[in-house]
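Participant: One letter stands for each residue in the lines below.
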Amino acid sequence: MLGRFLARRLAMLLASLLVASFVIFAALYAAPGNPVAALSGGRSLPAASLAVLEQRYHLNDPFFVQYWYWLSGALHGNLGISITLRENVSTLIASRIWTTAGLVAYASVLIVIFGIGLGVLSGLRRGLVDTGTLLLTAISAAIPGFVAAIVLILVFAVDLGWFPALGNGTGFVGNLQHLTLPAVALAISSLAIVARVTRAAVRTESGREHVQTAVSRGIPARLLIRRHVLRNAAIPITTITGITIASLIALDAVIETAFSLNGLGAYLVQAAESKDLAVVQGISLVLVTAFVVVNLIVDLLYAVLDPRVTLGSRAQ
Amino acid sequence: MGAAALIADADVRPPGTGVLGRLRATGPAGLASAGVIVIAMFAALFGSLLAPYSPVLTNLSLAWVGPVGGHLLGFDGQGRDVLSRLLAGATTSMLGPLAVVILAMTAGALLAVVAAWRRGAADAVISSGLDILFAFPGILLAVLAAAVFGAGLLAAAIALAVAYTPYVARVLRGAALKERGQPYVAALEVQGVSAPGICLRHLVPNMLPLIIAQATIMFGWAMVDLAAISFLGLGVQPPNPDWGVMIAENQTGIQQGYPLPALAAGICIVVVVVAFNVLGERLFAEVDR
Amino acid sequence: MTGPGPAPGPAAGPESGTLLEVDHLTVRLRVEGRSRPVLRDVSLRIGPGEAVGLVGESGSGKSMTARAIGRLLPEGAAAEGAIRFQGGDVAALTGSDLRRYRSQVAMIFQDPRAHINPVRRIGDFMTEALRTNLGVRPAEAARRAVEMLAQVGIEDGERRLRQYPHQLSGGLLQRVMIAAALLTGPRLLLADEPTTALDVTTQAEVMAILDDLRRELHLGMLFITHDLELAAAICDRTAVMYAGQIVEVRASARLHDDPLHPYTAALAAARPDITRVAPRLRAIPGRPLSAFEAPDGQCAFAPRCAYAQDACRETAPGMAELDGGLSRCLRASELRGKLAEPEAADA
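Protein chains in written order, with this note's numbering: chain A, 1 to 316; chain B, 1 to 289; chain C, 1 to 347.
If you are wondering where the hints come from, they were derived from the structure by calculation, not from laboratory data. Glycine included, C-beta positions come from ideal geometry on N, C-alpha and C. Certain hints may be false.
What the hints assert, rightly or not - For the chain C half of the interface with chain A, some residues (derived, Cβ under 8 Å), not all of them:
no., residue
1, G70
2, L98
3, S103
4, D111
5, A114
6, H115
7, E128
8, Y164
Same shape as in the complex, but just chain A (with noise of 0.2 Å):
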């Protein structure tokens, strides 16, 4: 039953990528003009390197066939040429995605860690611990990142001076120096939203009749948590960490904007606006692959935590 699912999920991915891929393909034809002009972004270039372009992309082929060079080409990791910087895309990804990948997977680190811990406390106790975090994170899950980015820039670095403001830093402890207010800043909506869905996961658990079986056989408090009440909590608080974990690849755009970091999102959106389109398009199917492997790995673990599941995508 779970191979079946396993199968099921995988074949999902694969058919998301390629529509994936697709779209992001076919925004050559979708631009204005033709495709060299997109590839180009309306410049204006010498034959020589049309003629490249024209080859590199088999523009004399018919639709479907210059889709399925770029994709073998994509997956043998040929994502073209960047037009602006005149250099391999592939190359220019290689070179930013630890910032990326660094940035999203500190961000996850404090969602796990605080998220869940702020949502297991205020669902275990009533009070002012709970009225408390309630307020908190129905504030903070509307804070957008670049919102966050610019008051955690104010306090910690302006004021403070305990955190550079931008830019990336060299070494691991320079590295994570630089990079802990912007994870601070991609996290925060995220985590509140955690903690929300973690304390009303845990509340609903704990009121569940079989909690109250388990009262009545005289199982001690801290293991009844455990077994039964956090267990069964376990399922919705894994789909919603990792769903928001996902999201914060798109999100990390932003930040990394917003704190001048030298990654792959800032990377794409000045990729965009200099209509540099092969680099949009390989860091695009980058992103896409990460966001949704991610999802799959958030069903696999559904499917692992809560034997009911056999066939069908995870409930809502």
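The hints should help you fit chains B and C onto chain A, whose structure is shown.
Facilitator: Chains B and C only, in chain A's frame:
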């Protein structure tokens, strides 16, 4: 059982009727949120008229000047009146998300109702198609659209609407399926009422509370995402005022010790989004009862 | 009320001695900031090996009585009166004493699907209390669980232990619940409508298993049901509840033909009986009251009672002994013998 029955008994309130009744049922927090939304919408419609000064006229000698008489929030980096820019900026900041929500809700509801009505193969095709479309996060699609069609609010709004549609359809499909199974639908079919007639006059109206709750929550997301895109320079273009644009163009002020212009725009976004989130959550809670 | 000490003896059935004693129990819950009674002056005694039925309509307080005995009252509940198990005050138990009490008093719930954790295996569910509270090793606990499953008629126990609740039918699951309840070697079972959620055919099976095992293991039982006839068939004595009060306690054998309270008689008449040809069923007029709705200073059943007189609306009757039973009716002795024939009701 006794306690549950007791509480259930005590908890029975007459369900809200009409828009006002439903609003009242959301409690004081819901009402306060609705108030904030009404004010923001008013600013969106009449902000340019209300603005005491020109939102675009620059005067570099007034750059970063703080609040003074007649200029409650001072001036931005180019010497423009911040309050006037905030008021005028409400238009794109509010109407942009509104367009996204209307587009996404319409498309999503249409897909959901068609899937629920036809069931079988049509439902399977639509549902799995939606699952696959889930692969595109809104902001990413908007950036792609900007790269292709050029920066601007329209492309960004359409891209976001496309990205939100599968989500809406998924939420509404469940409700539509449930409604489809109600006995009254079969009764109307037997009487020979046409499918579009039943859907438009009965199915969709009965799903309206859910649609409104979903639209309310979604407005908050759309506002954040659109402001983010404008912040990135891919949405509303300066010098046009927009809250996202204002944060981007006044970011330098933060490091130079003039945080007010950027903060003011940020606070506007957060307050409106909190209002939509709180009201949306309350409306959902009302739907679930 | 306490009898002359525990009487030893392997014989099943009622005997003197007290296993559980509920003594003038009143429970209030906080609902919307107000304190409302859900149980009013409930007294009940269960001897070792004795089955006592607790019958009433929904909201009459029968489940709340079981919860109070199981120390499962919701947060903010205030209880007066006492519950004593083998002479010890249940309310005072803490820590390991409370855990020991809970292994002695086992609950069987109405809806096994909701009352068994859906994401843990049957084996985890059955052996949890053994492993956690009684220090039994996992392998030994599993062996005992398989044995107990065989006793409730589930043969392939080892396979069942590895399964999840959603893979079992409702009837099987309720047997699992019964087996799990018996595993810790309890002296008293609190069975809260154990068959209500099951199919009719499964109901009889599960009921038979429960009844057999209880007699075999010589367990006391509080059997909660809304079905007067079922209670009478299973239990030695039956208590009838109305609006948070016990209105009659009577030997089950005599409950139907010689009720001491008009409410009991009305309950019996409202149920179809295949052994008797009745012209038609008599529904009880009006709506059952919750305990907190019941007016003070009068008989709670008076508004629906065909025999009510002015006195019934002016004084709250206490429990009075009558012919070996107890009745909370002012006119109990006067109405004696007339209640079983509702046609004779004087308006």
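Participant: Against chain A, is L98(C) within 8 Å by beta-carbon distance?
Facilitator: holds, 7 Å
Participant: Answer holds if the nearest beta-carbon of chain A is closer than 8 Å to that of H115(C); otherwise answer violated.
Facilitator: Result: holds, 5 Å to nearest chain A Cβ.
Participant: With chain A as the partner, please determine if A114(C) meets the hint condition of a C-beta pair closer than 8 Å.
Facilitator: OK, holds: A114(C) within 8 Å of chain A, min 4 Å.
Participant: Quick one, is the E128(C) hint okay against chain A at 8 Å, beta carbons?
Facilitator: Constraint on E128(C) satisfied, holds at 6 Å.
Participant: With a cut-off of 8 Å, does the beta carbon of Y164(C) approach a beta carbon of chain A closely enough for the hint to hold?
Facilitator: holds, 4 Å
Participant: Once the shortest beta carbon distance from D111(C) to chain A is found, is it less than 8 Å?
Facilitator: holds, 7 Å
Participant: Using 8 Å as the Cβ threshold, decide whether G70(C) counts as touching chain A.
Facilitator: holds, 5 Å
Participant: Restraint: S103(C) near chain A, CB-CB cut 8 Å. Satisfied or not?
Facilitator: holds, 6 Å
The structure fails none of the hints (numbered hints given earlier).
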